[in-house]
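Residue numbers (the numbering used here), protein chains in the order written: chain A, -14 to 449; chain B, 36 to 139.
What the hints contain is simulated information worked out from the structure, not anything from laboratory work. A couple of the hints might just be wrong.
Claimed, not checked - Facing chain A, a subset of chain B residues (Cβ under 7 Å, in silico):
{"id": "1", "residue": "57"}
{"id": "2", "residue": "60"}
{"id": "3", "residue": "75"}
{"id": "4", "residue": "82"}
{"id": "5", "residue": "103"}
Unchecked claim - Simulated pairs of lysine to aspartate or glutamate, EDC-like, Cα-Cα distance not exceeding 20 Å:
{"id": "6", "chain 1": "A", "residue 1": "447", "chain 2": "A", "residue 2": "323"}
{"id": "7", "chain 1": "A", "residue 1": "102", "chain 2": "A", "residue 2": "218"}
{"id": "8", "chain 1": "A", "residue 1": "62", "chain 2": "A", "residue 2": "318"}
{"id": "9", "chain 1": "B", "residue 1": "62", "chain 2": "A", "residue 2": "357"}
{"id": "10", "chain 1": "B", "residue 1": "62", "chain 2": "A", "residue 2": "218"}
{"id": "11", "chain 1": "A", "residue 1": "102", "chain 2": "B", "residue 2": "45"}
{"id": "12", "chain 1": "A", "residue 1": "292", "chain 2": "A", "residue 2": "399"}
{"id": "13", "chain 1": "A", "residue 1": "62", "chain 2": "B", "residue 2": "126"}
{"id": "14", "chain 1": "A", "residue 1": "292", "chain 2": "A", "residue 2": "318"}
{"id": "15", "chain 1": "A", "residue 1": "447", "chain 2": "A", "residue 2": "437"}
{"id": "16", "chain 1": "A", "residue 1": "354", "chain 2": "A", "residue 2": "399"}
{"id": "17", "chain 1": "A", "residue 1": "292", "chain 2": "A", "residue 2": "357"}
The C-beta atom is built at its ideal place from N, Cα and C for all residues, glycine as well.
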Amino acid sequence: MSREVTNLLYLITIVTFILALRFLSNPATARRGNQIGAIGMLVAIVVTFAQDSIVSYWEIAVGMVIGGLFGWVAARKVRMTAMPQMVALFNGVGGGAAALIALAEFHNRAPDPGTLKTDISIAIMLSAIIGSISFAGSMVAFAKLQELIRGRPLVYPGQQVVNALLFAGVLAAGIAISAGVERQWLIWALIGGASLFGVLFVLPIGGADMPVVISLLNACTGLAAAATGFELENNVLIVSGMLVGASGTLLTILMGRAMNRSIANVLFGAFGQLAPSVAGAAAGDADGHVRSASAEDIAVMLGYADKVVFVPGYGMAVAQAQHDVRMLADILESRGVEISYAIHPVAGRMPGHMNVLLAEANVPYPQLKEMDEANSEFPRTSVALVIGANDVVNPDARNNAGSPIYGMPILNVDQAQQVVVLKRSMNPGFAGIENPLFLNPKTVMLFGDAKDSIERLAASVKGL
Amino acid sequence: MSHGLLLTFEITILVLAVFLGFEVISKVPTLLHTPLMSGTNAIHGIVIVGAMLVAGLDHKDTLTTVIGLIAVVLASANVVGGFVVTDRMLEMFKKREKKPEGHG
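Next comes chain A alone, as it looks inside the complex (with noise of 0.2 Å):
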């Protein structure tokens, strides 16, 4: 098949993935979005097999055959609540493909020193680099998710000087290829040492902003494609590649502001440097004690209110409590009770998180109430039931001026009457930070795995 015609076949793919992004931007069409673009991957495929050039077809299909099943067995098996952790680690495998495939082409176009034309080797260098650090960052950020590695931020002193001498020897060994020195180690040491700034890079960043990090590593895995596509002289590679960088910048722009974040301020980081003085204060001056209390109490509290807001966190996702939840919210319902599910946009560890599982437990979709519409049914709420949600109802986020979270919007669950915390133990939060909450006179505690706890209430619910 001659170029012409490969790269017109091309443009059906790149026609698709752009339906594929349209379509995955609305509730009603976001499935078939997502099949099309599985289509235009497809013909891309299928088109490139098709090329005189390619010679090894045997080596490429089992090579495909085995990512294809691991890639397959792993985002089939997995559980609803380890989703963003395989997003993280598929980016990262992508972007370790984009620096692998400059590592090739350098290793293969360069044998003598100023064989390759500028922009090319301005082209490897930088798939290179922005592939390393996709690739490190997001198993950095996978082994958090994964609780592999600890979720808190990771800091010691002089770390971003660290970082910016490291990304600056990175940058010259860059530079220093573009400028036509093409020996073999330099590449070698660029994707090794863009792949220790990106390890670097997002250890120190605290886990309940991972989320933004993948949605910008992916991005970044974006742009190494659309390098890629420069290096190969590949329409299809630099167009996808782009779009793909230049969606993904704005969608991890649109999540940082949902969770009134700036870029900036997750990267380099509020979370990482804060002094353990604040903390202590802020845990402090709310000296009250936490009062526990027992199902059936609390089942008398839900069983005569008027209105009760279910307000889901992290806690329901990891004991797959939705469906129980769901079963007492009917039981509530069967006795009068007004319910409703209050969604803080990034509870959970990824927006729409809640969403996704109360949809999978059928919660009738208007009862789901998106957070202002919840914040003004706050005071008139009878009790407020969080399930294992920690930091989206920390007052200290509008209260503490020092802590952490200050200025992120939350769920203002201390203005129902009564407060329920459904919580494993009394350790922090994700983001390890206190929660003055937990310590509101109005507030009372139920131990235990939220899955279990739902199931007493329940239980005891029916029994009145």
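Position chain B against the provided structure of chain A, taking the given hints into account.
Just chain B now, kept in the frame of chain A:
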């Protein structure tokens, strides 16, 4: 086509793609942030085309081919995993639409 001319065309479509990328998702609701991120994650799996080209060409040395093949494996995992994870996320929304008592 000369190399320079080709490069100008490449830069042109790159810049157009930037605007298109911004424009096409500008109205996404919060609800779809995660599935959209996952969907774009699958789309950058297009590096598989690059990986295939590098691995498949008639190379003189094996190191290039081996690195290219590893890239093929990684990119395939990106493509398949990306689309499947996105589909699983979106499956959840479909259920709700089907439900007859959806307004209850």
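For each hint, the structure was consulted:
About 5 Å separates the beta-carbon of residue 57 of chain B from the nearest beta-carbon of chain A, less than 7 Å, and the hint is met. The restraint placing residue 60 of chain B at the interface with chain A holds, with a minimum CB-CB distance near 5 Å, inside the 7 Å limit. Residue-level restraint check for residue 75 of chain B holds (minimum Cβ-Cβ distance to chain A is 5 Å; threshold 7 Å). Interface restraint check: residue 82 of chain B against chain A, minimum CB-CB distance 5 Å, threshold 7 Å, status holds.
Evaluation of the residue 103 of chain B hint against chain A yields a held restraint, the C-beta minimum of about 5 Å falling below 7 Å. Between the alpha carbons of residue 447 of chain A and residue 323 of chain A the distance comes to roughly 16 Å, so the proposed pair stays at or under 20 Å and holds. Between residue 102 of chain A and residue 218 of chain A the alpha-carbon distance is near 12 Å, which keeps this suggested pair within the 20 Å criterion. Between the alpha carbons of residue 62 of chain A and residue 318 of chain A the distance comes to roughly 35 Å, so the proposed pair goes past 20 Å and is violated.
Restraint check for residue 62 of chain B and residue 357 of chain A: satisfied, since their Cα atoms lie roughly 19 Å apart, inside the 20 Å limit. This hinted pair does not check out: residue 62 of chain B and residue 218 of chain A have alpha carbons roughly 32 Å apart, beyond 20 Å. A distance of roughly 15 Å separates the Cα atoms of residue 102 of chain A and residue 45 of chain B; the hinted pair therefore holds under the 20 Å criterion. The straight-line distance between the Cα atoms of residue 292 of chain A and residue 399 of chain A is roughly 15 Å, inside the 20 Å bound, and the hint therefore holds.
Taken as a hint, the residue 62 of chain A and residue 126 of chain B pair is honoured in the structure, with Cα atoms around 15 Å apart against an allowance of 20 Å. Distance restraint check for residue 292 of chain A and residue 318 of chain A: the Cα-Cα separation of roughly 10 Å lies within the 20 Å cut-off, and the hinted pair is therefore satisfied. A hinted pair counts as satisfied when its Cα atoms are at most 20 Å apart, and residue 447 of chain A with residue 437 of chain A qualifies at roughly 16 Å. With a C-alpha separation of about 17 Å, the suggested pairing of residue 354 of chain A with residue 399 of chain A holds against the 20 Å cut-off.
Taking the CA atoms of residue 292 of chain A and residue 357 of chain A, the gap is near 17 Å; set against the 20 Å cutoff, the hint holds.
The structure fails hints 8 and 10 (numbered hints given earlier, in ascending order).
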